[in-house]
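Residue numbers (full-length UniProt numbering), protein chains in the order written: chain F, 1 to 383; chain E, 1 to 383.
These are computed hints drawn from the structure, not numbers from a lab.
Honestly, I wouldn't trust all of these hints.
[Claimed, not checked] Cross-link-like lysine to any residue pairs, in silico, SDA-like; alpha carbons within 25 Å at most: (1) Lys98(E) - Thr19(F); (2) Lys317(F) - Gly382(E); (3) Lys363(E) - Thr19(F); (4) Lys363(F) - Gln323(E).
Here the structure is a predicted model, which is why all the values come from computation and not from measurement.
There are 2 protein chains.
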Amino acid sequence: MIKHTEHPDLEKKYNAIGTPFLYLDKQKFLSNLAQMRSHMSKLGTPLRPHFKTVKSLDALPYLIDSIEDPITVSTLEEAEQLASYGCKDILYAVGISKEKLLRVELLLKRGMSIVVLLDSMEQVDFVNAYCQERGCVISCLIEIDCDGHRGGVSADSEALIAMAKSLGKGLGNFKGVMLHAGESYHCKSREALNQSASNEVATAQLAAKRLESVGIYCEIVSVGSTPTACSYTNTSGITEVRAGVYSLFDLVMHRLGVCTLNDIAISVVSSVIGHNKSRGQIFVDAGWMALSLDKGHDEQCYGVVLQPNGQESQILKVVQVNQEHGILEAASGSEIDFECFPIGSRVHIVPNHACSTSAMHSKYYVFDLVEGQIEQWQRVSGW
Amino acid sequence: MIKHTEHPDLEKKYNAIGTPFLYLDKQKFLSNLAQMRSHMSKLGTPLRPHFKTVKSLDALPYLIDSIEDPITVSTLEEAEQLASYGCKDILYAVGISKEKLLRVELLLKRGMSIVVLLDSMEQVDFVNAYCQERGCVISCLIEIDCDGHRGGVSADSEALIAMAKSLGKGLGNFKGVMLHAGESYHCKSREALNQSASNEVATAQLAAKRLESVGIYCEIVSVGSTPTACSYTNTSGITEVRAGVYSLFDLVMHRLGVCTLNDIAISVVSSVIGHNKSRGQIFVDAGWMALSLDKGHDEQCYGVVLQPNGQESQILKVVQVNQEHGILEAASGSEIDFECFPIGSRVHIVPNHACSTSAMHSKYYVFDLVEGQIEQWQRVSGW
Numbered sequence: 001m002i003k004h005t006e007h008p009d010l011e012k013k014y015n016a017i018g019t020p021f022l023y024l025d026k027q028k029f030l031s032n033l034a035q036m037r038s039h040m041s042k043l044g045t046p047l048r049p050h051f052k053t054v055k056s057l058d059a060l061p062y063l064i065d066s067i068e069d070p071i072t073v074s075t076l077e078e079a080e081q082l083a084s085y086g087c088k089d090i091l092y093a094v095g096i097s098k099e100k101l102l103r104v105e106l107l108l109k110r111g112m113s114i115v116v117l118l119d120s121m122e123q124v125d126f127v128n129a130y131c132q133e134r135g136c137v138i139s140c141l142i143e144i145d146c147d148g149h150r151g152g153v154s155a156d157s158e159a160l161i162a163m164a165k166s167l168g169k170g171l172g173n174f175k176g177v178m179l180h181a182g183e184s185y186h187c188k189s190r191e192a193l194n195q196s197a198s199n200e201v202a203t204a205q206l207a208a209k210r211l212e213s214v215g216i217y218c219e220i221v222s223v224g225s226t227p228t229a230c231s232y233t234n235t236s237g238i239t240e241v242r243a244g245v246y247s248l249f250d251l252v253m254h255r256l257g258v259c260t261l262n263d264i265a266i267s268v269v270s271s272v273i274g275h276n277k278s279r280g281q282i283f284v285d286a287g288w289m290a291l292s293l294d295k296g297h298d299e300q301c302y303g304v305v306l307q308p309n310g311q312e313s314q315i316l317k318v319v320q321v322n323q324e325h326g327i328l329e330a331a332s333g334s335e336i337d338f339e340c341f342p343i344g345s346r347v348h349i350v351p352n353h354a355c356s357t358s359a360m361h362s363k364y365y366v367f368d369l370v371e372g373q374i375e376q377w378q379r380v381s382g383w
Numbered sequence: 001m002i003k004h005t006e007h008p009d010l011e012k013k014y015n016a017i018g019t020p021f022l023y024l025d026k027q028k029f030l031s032n033l034a035q036m037r038s039h040m041s042k043l044g045t046p047l048r049p050h051f052k053t054v055k056s057l058d059a060l061p062y063l064i065d066s067i068e069d070p071i072t073v074s075t076l077e078e079a080e081q082l083a084s085y086g087c088k089d090i091l092y093a094v095g096i097s098k099e100k101l102l103r104v105e106l107l108l109k110r111g112m113s114i115v116v117l118l119d120s121m122e123q124v125d126f127v128n129a130y131c132q133e134r135g136c137v138i139s140c141l142i143e144i145d146c147d148g149h150r151g152g153v154s155a156d157s158e159a160l161i162a163m164a165k166s167l168g169k170g171l172g173n174f175k176g177v178m179l180h181a182g183e184s185y186h187c188k189s190r191e192a193l194n195q196s197a198s199n200e201v202a203t204a205q206l207a208a209k210r211l212e213s214v215g216i217y218c219e220i221v222s223v224g225s226t227p228t229a230c231s232y233t234n235t236s237g238i239t240e241v242r243a244g245v246y247s248l249f250d251l252v253m254h255r256l257g258v259c260t261l262n263d264i265a266i267s268v269v270s271s272v273i274g275h276n277k278s279r280g281q282i283f284v285d286a287g288w289m290a291l292s293l294d295k296g297h298d299e300q301c302y303g304v305v306l307q308p309n310g311q312e313s314q315i316l317k318v319v320q321v322n323q324e325h326g327i328l329e330a331a332s333g334s335e336i337d338f339e340c341f342p343i344g345s346r347v348h349i350v351p352n353h354a355c356s357t358s359a360m361h362s363k364y365y366v367f368d369l370v371e372g373q374i375e376q377w378q379r380v381s382g383w
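Same shape as in the complex, but just chain F (with noise of 0.2 Å):
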C-alpha cells in the first residue's frame, strides 16, 4: 500500500477510488520516458513510440514532442483516435488486410501519414490493386523475419526483392523494411540479449542492403522492441527504433535487466477480501479481469506484491485468478505476516506485462507524487 504522506490530500483521494483500478506513477512515467529519450539521443536514431502500451490520447503530450512525431500503432482505431487528435505520421504496424484499405484511404484523405505493413504478394496485389482502382496511394512497409517469432520474410530472400519491385511498379508505394525482435523478449541473459538486438540492427541492414543493390531505396528502417531498444549499441543504417512497454515497464522488462522494479510505473490496487492462514493465501478483490491472465515469464504468477521495503524476496505472489478474485502467496521459502495484510487493507500489484495488464481496464488513475495531484486518463480500446 503506498502512502501518499507529502500529500494528506491525495491520500483522501487514493482511498475514495473503489478497488480494483489501474493506479499509474505519473513521475516513474516521465522517467522512463525521459531515459529511452536520452538512450535514442545518444544513438542519434529517431523514437516511433508505440501507442499500444499506454494507449491513451491523455499520455500523447508526453509521448511525443510534437503532433508531427512519428508513432507506432497496432490497431486502425488507435490511428483514427490519434488522426483526430492531429498526428500525422503513424505506422500501422500489423499485416494489412484487405478489408481495411479503405478506412487506410479515408485516413490519408484526412492528412495523415500512415504506412502499412505486409509480408506476402497476396498482399502486395491486393493493395496494388485497391490502388489502381481507388487512384490512391498506399504506403507499405515489407516486414522482415529477423528471429522466426512472427511474421516477416527473410532479408535474404528473393520474395523481399519481388514484393519491393512489385510494389514499385503498382501504385502501392514502398517506403522500406520492418522488424521486430520477438525473440528479444525470451531472452535469458544480457548476452543473449545484445545478440538479440544486434541481429534485429543486422538484419534490417541486409534487407536495405540488397534492395538498395538493385535500385531500391529504403526511406524507412525501422526496428524494435522495448528490449532491444534498450539494448542497441549501434544503429547505422537504421531509420527509427520501436518501443512501447518502456513508458510503464513490467515484471517480464525486469526480469530481462532492462529495467528496475522500482522502474514500474503501474500496479492494480486491490483489497484484501479474506484469509486463509492454514493454507497461507490471501484473497483479493483482482482477479483476471484486473490483471489479465499474462503469466508473463513465471507459469506460476498472475503478478507480484511488493513488500513495503520494495525488496524481491520478500513478495508475495499472486498464484491463481479467478474473474474478480485473485489469490496471494509468499514467495517460496517465506511465510506470509498476515497482520501486514489486515481483511480490508489493499495492496499494489505489479503486472508481468504491462500492455495485457493495461488492457483491461478502461482508464488509469494517475499520481503525481511530487506536485500531489490525480487524473484519469481514459484508454483507447477496440479496433
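Use these hints to put chain E onto chain F, whose structure you have.
Quick look at chain E alone, frame taken from chain F:
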C-alpha cells in the same frame, strides 16, 4: 467462415464488420438458455443466472423472464447497471470489502434487494459496524468452501456458526450460505464431475443443517457453477442454482462434456493476414487483445478454428498470440490446407473460456441466422 447463405443481406453486413470482432449466434444462445431452464425446471430449483459471462443489458431479457427474477453479479458496476434497468434481486458473489458498503447501501436505497458475501469474522464485524453506524440492514450470505478452490469456511466449522450468530445479533442480516465448486472446472471425467456436483450439494445441505440445529434458518442455500449445474440430479434443500457460462458455452465446457462443439454460441471472427508454409502456420489479426490469454485446459492453445465440416480432428489451433497477432497451426498429425484459408479470408476462433474472451470486447455482434437479423449488444465493463 460462416456462410449466411440463407440471408445474402446478412452475409453482406457480416463482411462489412472489421475484424477482429465478437460473433454471437443468437439461436444457439437461446437454445442454451432453454436447455438450462428445462434442466432446472425438472430439478424444481430456481436458477439465478450469473451476469458475469454475457454481461450485457441487451441480453438480459433472454437471461431472465422478469425484472423480479434473481440474478448474480461479479461487480458492483454490474449491480448498478442492473438496478438502473429495474432488476430487484441481486447476489453480489465476490467477498465484500468495507469500502464497497456505501455503494451497497445506495443500491438498497434504490429499492434493490442485494445480498453480499463474506467468509470471515472481520467482514461480519465491519458489516455489523457499518449497519449500526448508518442505520441500515445489509443481507449477507456466508461462503462455504466445498473443495479448497477459493474462499469460504468449512461447512463443519465453528466459524460458520459464530459468524451467522454474530450477523443475527448485529444489523448485518444473515440470509444463508453460498458455495461454488471451483474444482468442477478441472474434472477429468463424467464421474468426477458428478462427484463434484454431489459434493457441492451435500456440503450446502450440511452447512444449512448445522445452522438449523442451532436455530438459524437459511433462507438462501445457493450453489453453482456451469459444470455442476449441468450435472445435478438432486437439489433437495437447495434454494437456487447459479451458472453463467452455460449461456454461451466454450471449449472448457466442451472438454468437460457439458456441451457439444455446436452449442458454443460465440467466436472471434478474424482475417488471415499471412501464411508461413515452411513452418505450417497461418497468421490472423486476432491476438490476445481479441482472444484473451486464457488457455483453458490446453497449455498450447488460445482457441480453435473448426474446419467447415465441424470435426474436431481437423481443427486449427491458435498456438501463439501477440497483442494483435495470432498464429494458427494444424492439430497434431495433420497438415494445413492453405488453399482453404487464403490471405484475406475469415476464420471463426472458438474460445477456451467464454467469460474471458468476451471480456476483451465492448460488444457482441449478434447474428440471428433464422430471422436473418443482426444486432449489437453492448457489454458492461469496469467495477
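Hints, one by one, checked against the model:
{"no.": "1", "hint": "Lys98(E) - Thr19(F)", "result": "holds (11 Å)"}
{"no.": "2", "hint": "Lys317(F) - Gly382(E)", "result": "holds (24 Å)"}
{"no.": "3", "hint": "Lys363(E) - Thr19(F)", "result": "holds (24 Å)"}
{"no.": "4", "hint": "Lys363(F) - Gln323(E)", "result": "holds (18 Å)"}
Hint check: no violations occur; every hint is consistent with the structure.
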